[in-house]
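Keeping their order, the protein sequence lines are chains A and B.
Okay, so the first sequence: first residue is 1 according to my numbering, each after it adds one.
Okay, so the second sequence: first residue is 1 according to my numbering, each after it adds one.
The reader is advised that the hints may include incorrect statements.
[Stated by the list, open to error] When the alpha-carbon atoms are kept at most 27 Å apart in a straight line, the in silico BS3-like pairs for lysine-lysine are as follows:
| # | chain 1 | residue 1 | chain 2 | residue 2 |
| --- | --- | --- | --- | --- |
| 1 | A | K193 | B | K12 |
| 2 | B | K12 | A | K209 |
| 3 | A | K209 | B | K9 |
| 4 | B | K218 | B | K192 |
| 5 | B | K231 | B | K9 |
| 6 | B | K218 | B | K231 |
| 7 | A | K274 | A | K262 |
| 8 | A | K322 | A | K274 |
[Said to hold, decoys possible] Anything over 12 Å on all C-beta distances counts as not near chain B; from chain A, calculated:
| # | residue |
| --- | --- |
| 9 | K209 |
| 10 | G332 |
| 11 | L354 |
[What the hints assert, rightly or not] Facing chain B, according to a computed beta carbon distance under 10 Å, are these residues of chain A, among others:
| # | residue |
| --- | --- |
| 12 | R23 |
| 13 | S91 |
| 14 | R203 |
| 15 | L231 |
| 16 | A233 |
| 17 | L236 |
| 18 | M243 |
No lab work stands behind these hints, which were simulated from the structure alone.
We treat Cβ as the ideally placed atom computed from N, Cα and C, and that holds for glycine.
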Amino acid sequence: MDKKVLMKGTDALGEAAIRAGCRCYFGYPITPQNEVPEYMSRRMQEVGGVFLQGESEIASINMVLGAAASGMRAMTSSSSPGISLKQEGLSFLAALELPAVIVNINRGGPGLGNIAPSQGDYYQATRGGGHGDYRMPVYAPAYVQELYDITMKSFDVADLYRTPVMILGDGMMGQIVEPIYLHERPDVEIPPKDYILDGAENRPSRIIKSLILDPVEMEEHNWKLKRKYDLMAHELPEWEEFMTNDAKLTIIAYGTAARIAKGAVKRARSEGLKVGLLRPITLWPFPEEAIRNLAKKTKLFLVFEMSTGQMIDDVRLAVEGKVPCEFYGRPGGVVPIPQEIARIIERYWLQKEL
Amino acid sequence: MKIVYTRPKCLKPVPNHYCPGCGHSIIHRLICELVDEMNMRGRIICIPPAGCAVLAYNYFDFDMCESAHGRGCAIATGFKRAQPDRIIFTYQGDGDMAAIGTAETLHAANRGEKITSIFVNNAVYGMTGGQMAPTTMIGQKTTTSPYGRRTEVEGYPLKITELIATLPGAAYVVRTSLANPAKIRETKKAIKKAFEVQMAGAGYSLVEVLSPCPTNWKVSPREAFAYLEEKMEKEYPIGVMKDYTAKKDK
Chain A
1 MDKKVLMKGT DALGEAAIRA GCRCYFGYPI TPQNEVPEYM SRRMQEVGGV FLQGESEIAS
61 INMVLGAAAS GMRAMTSSSS PGISLKQEGL SFLAALELPA VIVNINRGGP GLGNIAPSQG
121 DYYQATRGGG HGDYRMPVYA PAYVQELYDI TMKSFDVADL YRTPVMILGD GMMGQIVEPI
181 YLHERPDVEI PPKDYILDGA ENRPSRIIKS LILDPVEMEE HNWKLKRKYD LMAHELPEWE
241 EFMTNDAKLT IIAYGTAARI AKGAVKRARS EGLKVGLLRP ITLWPFPEEA IRNLAKKTKL
301 FLVFEMSTGQ MIDDVRLAVE GKVPCEFYGR PGGVVPIPQE IARIIERYWL QKEL
Chain B
1 MKIVYTRPKC LKPVPNHYCP GCGHSIIHRL ICELVDEMNM RGRIICIPPA GCAVLAYNYF
61 DFDMCESAHG RGCAIATGFK RAQPDRIIFT YQGDGDMAAI GTAETLHAAN RGEKITSIFV
121 NNAVYGMTGG QMAPTTMIGQ KTTTSPYGRR TEVEGYPLKI TELIATLPGA AYVVRTSLAN
181 PAKIRETKKA IKKAFEVQMA GAGYSLVEVL SPCPTNWKVS PREAFAYLEE KMEKEYPIGV
241 MKDYTAKKDK
């Protein structure tokens, strides 16, 4: 039996990365994620890994690139404004097909915004964010145990598909303290890294590059990446369903918003309203099929986000107009309580005569 | 018959894309000669820049990792920290090194990263068609300084090598020139020493090479070499600015 401990989100994240074999961390301080580099600066020393505070987010993501091209499991973490700076590096990691884990502890924005929990970076995270035609798996954990498990899994996904992987949380996810099991690293077979650069000793030299000047060759590279993204879209979607079986109204929410929504669902159920929750765990690939299946049963989707409405686009694309989709949002770092969401549920329940 | 001159093994037998009279092909050759002579092929990794030398991986027959514009020293840091026993060097132009990559360069040097930078200064953005560089000379006309570089508008030529020489993390800092064969031989010696400094684990090493760009200077190759010696070497004096081995001798 794995050890059960009380742990803060950021510490769980760091510990999971260490236990997943991450031996290179590069980052730059920004609130509300400073506990991650602080944890890593202690732990990397203990396990003989590399911790380096870069001079900027741009430098840090490029250090990650160098370490990933060396064959190491490497990661960086930041928060919204810092993640904007990392987009150049993310595009290169995707183009060069290098594995890395990037953590975004999303804060209120745009601009400097504030340091409160927010989901305003959904578009940036799920649409690639950087330049060029690429996709990137994005995980949105909602519990500390899940954050721990997903962090471990992210390194495997990054290696298996040779892709950057993003973990998207917020200050609530980072600060919350919950009991978790320190699971051992899952037994996943990682293919040999035959692409890394370690000096061309007794082998032909290797080039890691994304410059492909011939448009036809560049097109082929894009199609090659697309085939990989299609494979990920097929194999990676994850979601949680809570009381959805007989739900007439189904809330769709992720991360911190989903925790709040779950509380609201329980309240509504205690009043006899048949309400359920679908919580996407992967934001890209989006669990479209799960939503399409629910669209056959439920009468109304209510998308709740801590933003002015971004994921709702993906929900509407999945639902294809078969069921009405309503939206409720609290942007700017406001975190509503379950009662508030329960009131919204009741309002729609009455308005739509469910 | 004795062979006195041949293509270095690490220099791929392919025609290069550099313009007639360009310094890159000379520097490429010097690096490849050294990789052969110092038997480094099996443990050396090069980070080429964005710029004219972006295609260096077509010519160097050792491991190469592309970099986004200016990020060479950050990527090299990642490589070196992950593989401390490998020889890592960046190959960067003036825009890459001293404009968009200033922060990455200065901080890598200041951390004393055990990497080497070969910094090719030709006072112009070559690949993009001759725009003004941070190292463009006062009065020099480029496509984005058509009236000549004016200090009150475009500021002054940036001497990043002198800046880096002030940093404790930098162990060997030198500026050389390709103006004539003797100076080219000095350049090779400087690059050799820079690699040796890295292997000794002494800190960051930097070789700035003043290099001609006849195409964007809009002069003949012969005139370009003369300009290099008469004008550029005045603004950018050649010589050793820092040498940790000299300090030890005292």
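Taking the hints in turn, this is what the structure says about them:
Under the criterion of a C-alpha separation no larger than 27 Å, the hint pairing K193 of chain A with K12 of chain B is consistent with the structure, at around 25 Å. Straight-line distance between C-alpha atoms of K12 of chain B and K209 of chain A comes to about 17 Å, which keeps the hinted pair within the 27 Å bound. Among the hinted pairs, K209 of chain A with K9 of chain B is consistent with the structure: their alpha-carbon atoms are about 22 Å apart, no more than 27 Å. Of the pairs offered as hints, the one joining K218 of chain B and K192 of chain B is violated, with about 32 Å between alpha carbons and a cut-off of 27 Å exceeded.
For the hint pairing K231 of chain B with K9 of chain B, the CA-to-CA distance comes to about 35 Å; that exceeds 27 Å, so the pair is violated. With a CA separation close to 15 Å, the supplied pair K218 of chain B and K231 of chain B stays within the 27 Å bound. Simply put, K274 of chain A and K262 of chain A have alpha-carbon atoms about 13 Å apart, close enough for the 27 Å limit, and the pair holds. The straight-line distance between the Cα atoms of K322 of chain A and K274 of chain A is roughly 20 Å, inside the 27 Å bound, and the hint therefore holds.
Against the 12 Å criterion, K209 of chain A falls within the reach of chain B, whose nearest CB is about 4 Å from its own CB. Its beta-carbon lying about 31 Å from the closest one in chain B, G332 of chain A satisfies the requirement of being farther than 12 Å from that chain. With a least CB separation of 52 Å from chain B, L354 of chain A remains clear of the 12 Å interface cut-off, as annotated. With its C-beta approaching chain B no nearer than about 8 Å, R23 of chain A sits inside the 10 Å limit, and its interface hint holds.
Taken as an interface hint, S91 of chain A checks out: its beta carbon lies about 8 Å from the nearest beta carbon of chain B, inside 10 Å. Using the Cβ-Cβ criterion of 10 Å, the hint placing R203 of chain A at the interface with chain B is satisfied: the shortest such distance is roughly 9 Å. Using the Cβ-Cβ criterion of 10 Å, the hint placing L231 of chain A at the interface with chain B is not satisfied: the shortest such distance is roughly 25 Å. Here the hint on A233 of chain A is broken, as its CB sits about 27 Å from the closest CB of chain B, past 10 Å.
Look at L236 of chain A: its Cβ only gets to about 27 Å from chain B, farther than 10 Å, so that hint breaks. The restraint placing M243 of chain A at the interface with chain B is violated, with a minimum CB-CB distance near 47 Å, outside the 10 Å limit.
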